[in-house]
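Okay, here's what each chain looks like letter by letter:
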Amino acid sequence: MDYIYSILTLTGITMIGVMGTYMVTGLTGQFSFGQAAFMAVGGYVSAMLALRFNLPFPLAAIAGSAAAMLAGLLVGVPTVRLRRDYISLVTFGFGEAIISVLNNSAQLTGGAEGLVNIPKRVDLPLVLGSVIGCLLLVACYKNSKYGRQCLALRSDELAARSMGIDVNRLKLVTFLFASAITGYAGVLYAFYAQYLEPGYFNWTVSAEWLIIVFVGGINSLTGAMVSALILSSLPELLRFASAWRIIIYCVIVLIIINYRPNGIFGDWEISRLWKKSAKGEKA
Amino acid sequence: MNAPDQATPSSGHLEVTGLCKAFGGVQAVNGFSFDAKPGEIVGIIGPNGAGKTTAFNLVTGVYTPDSGSVVLDGVALGGQRQDEIARQGVGRTFQNIRLFKGLNVLENVMTASDPYADYNFLAAVLSLPAKRRSDRQAAEKAREYLDLVGLRGLEDDRPEALPYGLQRKLELARALALRPKVILLDEPAAGLNPSEVREFIDLVKRLHERFNFTIVFIEHRMEVVMNLSHKLFVMSFGKLLASGAPEAVRRNPEVIEAYIGEEE
Amino acid sequence: MLQNIFFGLSLGAVYSLIAVGFALVFNILKFSNFSHGGVMSFTAYAGYYAYIRLFDGHVSSSWMFFAVVTTAAVIGALTAVAIERVGFRRLRRNQAPVIYYFISSITLGILLENIITIFASSNFYSYPVFFSSDNLSLLGTTFSVADVVTLLVSSASLAGLLLVLYRSKLGLAVRTVSFDVNTASLMGIDADRVVMATFAMSGALGGISGVFLGMNYSLYPQLGQLVVKGFIASVIGGLGSITGAVIGALLLGIVEVALIGMVGSGWMPACVFVIMLVFLLVRPRGISGVIVQEKA
Numbered sequence: 666m667d668y669i670y671s672i673l674t675l676t677g678i679t680m681i682g683v684m685g686t687y688m689v690t691g692l693t694g695q696f697s698f699g700q701a702a703f704m705a706v707g708g709y710v711s712a713m714l715a716l717r718f719n720l721p722f723p724l725a726a727i728a729g730s731a732a733a734m735l736a737g738l739l740v741g742v743p744t745v746r747l748r749r750d751y752i753s754l755v756t757f758g759f760g761e762a763i764i765s766v767l768n769n770s771a772q773l774t775g776g777a778e779g780l781v782n783i784p785k786r787v788d789l790p791l792v793l794g795s796v797i798g799c800l801l802l803v804a805c806y807k808n809s810k811y812g813r814q815c816l817a818l819r820s821d822e823l824a825a826r827s828m829g830i831d832v833n834r835l836k837l838v839t840f841l842f843a844s845a846i847t848g849y850a851g852v853l854y855a856f857y858a859q860y861l862e863p864g865y866f867n868w869t870v871s872a873e874w875l876i877i878v879f880v881g882g883i884n885s886l887t888g889a890m891v892s893a894l895i896l897s898s899l900p901e902l903l904r905f906a907s908a909w910r911i912i913i914y915c916v917i918v919l920i921i922i923n924y925r926p927n928g929i930f931g932d933w934e935i936s937r938l939w940k941k942s943a944k945g946e947k948a
Numbered sequence: 002m003n004a005p006d007q008a009t010p011s012s013g014h015l016e017v018t019g020l021c022k023a024f025g026g027v028q029a030v031n032g033f034s035f036d037a038k039p040g041e042i043v044g045i046i047g048p049n050g051a052g053k054t055t056a057f058n059l060v061t062g063v064y065t066p067d068s069g070s071v072v073l074d075g076v077a078l079g080g081q082r083q084d085e086i087a088r089q090g091v092g093r094t095f096q097n098i099r100l101f102k103g104l105n106v107l108e109n110v111m112t113a114s115d116p117y118a119d120y121n122f123l124a125a126v127l128s129l130p131a132k133r134r135s136d137r138q139a140a141e142k143a144r145e146y147l148d149l150v151g152l153r154g155l156e157d158d159r160p161e162a163l164p165y166g167l168q169r170k171l172e173l174a175r176a177l178a179l180r181p182k183v184i185l186l187d188e189p190a191a192g193l194n195p196s197e198v199r200e201f202i203d204l205v206k207r208l209h210e211r212f213n214f215t216i217v218f219i220e221h222r223m224e225v226v227m228n229l230s231h232k233l234f235v236m237s238f239g240k241l242l243a244s245g246a247p248e249a250v251r252r253n254p255e256v257i258e259a260y261i262g263e264e265e
Numbered sequence: 002m003l004q005n006i007f008f009g010l011s012l013g014a015v016y017s018l019i020a021v022g023f024a025l026v027f028n029i030l031k032f033s034n035f036s037h038g039g040v041m042s043f044t045a046y047a048g049y050y051a052y053i054r055l056f057d058g059h060v061s062s063s064w065m066f067f068a069v070v071t072t073a074a075v076i077g078a079l080t081a082v083a084i085e086r087v088g089f090r091r092l093r094r095n096q097a098p099v100i101y102y103f104i105s106s107i108t109l110g111i112l113l114e115n116i117i118t119i120f121a122s123s124n125f126y127s128y129p130v131f132f133s134s135d136n137l138s139l140l141g142t143t144f145s146v147a148d149v150v151t152l153l154v155s156s157a158s159l160a161g162l163l164l165v166l167y168r169s170k171l172g173l174a175v176r177t178v179s180f181d182v183n184t185a186s187l188m189g190i191d192a193d194r195v196v197m198a199t200f201a202m203s204g205a206l207g208g209i210s211g212v213f214l215g216m217n218y219s220l221y222p223q224l225g226q227l228v229v230k231g232f233i234a235s236v237i238g239g240l241g242s243i244t245g246a247v248i249g250a251l252l253l254g255i256v257e258v259a260l261i262g263m264v265g266s267g268w269m270p271a272c273v274f275v276i277m278l279v280f281l282l283v284r285p286r287g288i289s290g291v292i293v294q295e296k297a
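So the protein sequences, as listed, match chains A, X and B. Here the first sequence stands for residues 666 to 948, where the numbers follow our numbering. Here the second sequence stands for residues 2 to 265, where the numbers follow our numbering. Here the third sequence stands for residues 2 to 297, where the numbers follow our numbering.
If you're looking for bench data, these hints aren't it; they were derived computationally from the structure. The structure presented is a predicted model; accordingly, all values stated were derived computationally and were not measured. Take every hint as true, because none was put in to throw you off.
Residues of chain X placed beyond 10 angstroms of chain A at every Cβ, according to the derived structure:
| id | residue |
| --- | --- |
| 1 | G40 |
| 2 | I42 |
| 3 | R137 |
| 4 | D158 |
| 5 | Q168 |
| 6 | E188 |
| 7 | E200 |
| 8 | K232 |
| 9 | A249 |
Listed next, the in silico DSBU-like pairs over lysine-lysine satisfying Cα-Cα at most 35 angstroms (straight line):
| id | chain 1 | residue 1 | chain 2 | residue 2 |
| --- | --- | --- | --- | --- |
| 10 | X | K102 | X | K206 |
| 11 | X | K38 | X | K232 |
| 12 | B | K31 | X | K240 |
| 13 | X | K102 | X | K142 |
| 14 | X | K102 | B | K31 |
| 15 | X | K206 | X | K232 |
The C-beta atom is built at its ideal place from N, Cα and C for all residues, glycine as well.
Chain A on its own, in the form it takes in the complex (with noise of 0.2 angstroms):
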């Protein structure tokens, strides 16, 4: 049961880290190849900021997921405005700078050895509970006029400015809101695991958070997050080697790839379900 319920807090936490994955692929079309640098960046300062300062947990969560916010908008300022590729590489680039810091800078974050006896302030109904309220949070973001703007610009950068789309801010600020709620699903992990290391945050994490949106589909929420709960939970309870359950993912997504661009879930949304059952009353 145990066993059960622990991987259940931690595929919540994935479909959060997922979600940011979403925002910055799904919505802008870019690719961030150091998400999970941002979850490290998170988790890092809250937990830092409760076993030095002693700062309670929601303050800590705040300043957490307020410092990979600030961190996206180092990495966001300068790239926005460029081709899409230098996203990834700065956002990589990125990943390997805030390891290559976490492992350096000991005395603080414990380096290599890792950041051990965070208090635990986190278990699985509240993951469940701020899985569903970043969900929602998303859902309303890419069901406004940010999310129509990112998905015009994600079609078409030239004719979306032409609409008076203010592209590069539009990437900005979707890139914060991104990087914030992947510094929250760091806060979650960090004071989860109770222990911190840097290698836990290296570029594979993000690399597969990429795979599980693409496999849902990238212009549906729903279907991200339907595969980031089958993709994290099913290979931990069938107890498969990490390096076969990677390959595995990867001949899906060539499959995917090459057969069903749109990924399995398409652009259908669950929302449609009650959106058209109101039309339904309506007629």
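Dock chains X and B against chain A, hints included.
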């Protein structure tokens, strides 16, 4: 923030003077000038490769002109960003239709009014009443534009699934939602069949009457050019070759010369 | 000082092989090919196995290095061609948007990495010492033989590549396709073949750099992640420009060696990142100054 719903007759005065742009060694636009008075319908014609689309791209800020000025109602647009220019009331359509694929027909139109939507980030993620009201109004307005171009009932369709002629209309509706003072149409009748062309001419006339905006269009089809334009500019090798009333321009020997070997 | 610069140049030479392999594909298909890293890891291991299974005891030790490099280059070329078939050909047929190429390349990179992890069980192997640890003395400084060979072999490979690109019919076709794949095929160029040839060249370079990386760092499945050095170099040099990539790579090599001297290897990645950010802010077009716009 809120642009006027209807352009007043005194706005929408576009003056373009001495526009130049070179790509590599090729002088794509070389000192081209034209102007459109408020409420006027202006055609730009010229052989393929004359630089017409590039001129549009310079006016709308896709490219920065090497020299020359673009002035809308006394405000210089040169050097402004593409989206800033658009929000000052310059709408456009594209030669090779560029709709937003991830969005449905209604949302495509809404995106053009979204930059004016009056709610902030917080209202968006919490779906506050202000946001819902604003979005509802935008959708209402967008439906109205779709209605005007004859796309009622297709709100939930995918734009790429529409027939070609309807895609052109959708692009037009999207440009309307920007509430433009000037609207630039790049070969709006390309790829339409003869009956669609006639329908299109009527549509543009109707929209012009209703919104009274300035229209500048690039077109090869003489039927469209002669039926719509109040004034014609002929472009050749990046330069202004001739301008004036459509009939006079059509009889201009220089213009005929430029078109030899080009006319279909 | 001179010694450090030389060490930086030799490191930069390896980076330039990566960067050029990267730039070749970028030139043609206009996306950043991250599967190149997978090719590098894969060939580094392939070279190692070739050494263990085929050459050890059969090839005289002075030729060993060249036997391994050649094998790696050939295997790299084949792998890259296979990657093109599996990952990109169908996308090209469907005229898929660039992001799909991108995702496909990441996926293939990760796939190769994990295949290696499974079969080589993420143990650390290392190449034999091909060159005696003797140093050459010149101008009052000493240079290690390995560095000299690295520099020479890299330069020779790049020179060979340039020869193919600028002096052969195939090279002309490659350069034509890099302007526009669709137009080129209208002009009677077999785009499939040209793309395949480009991947082969890029893969061969990846194979050579894989061996060098394996020699410098010992073998591990994530070795190919050093592809990011090639990407950084391309950014500094200007995406898509081959000369730019080489210059950017040499600069990066020297800067890294200098930084290791100044701040230590632990902090070096963070410093490189900051330098790159500043560079992107100040001169986003890179040294070569060409900017590749996303297709309008």
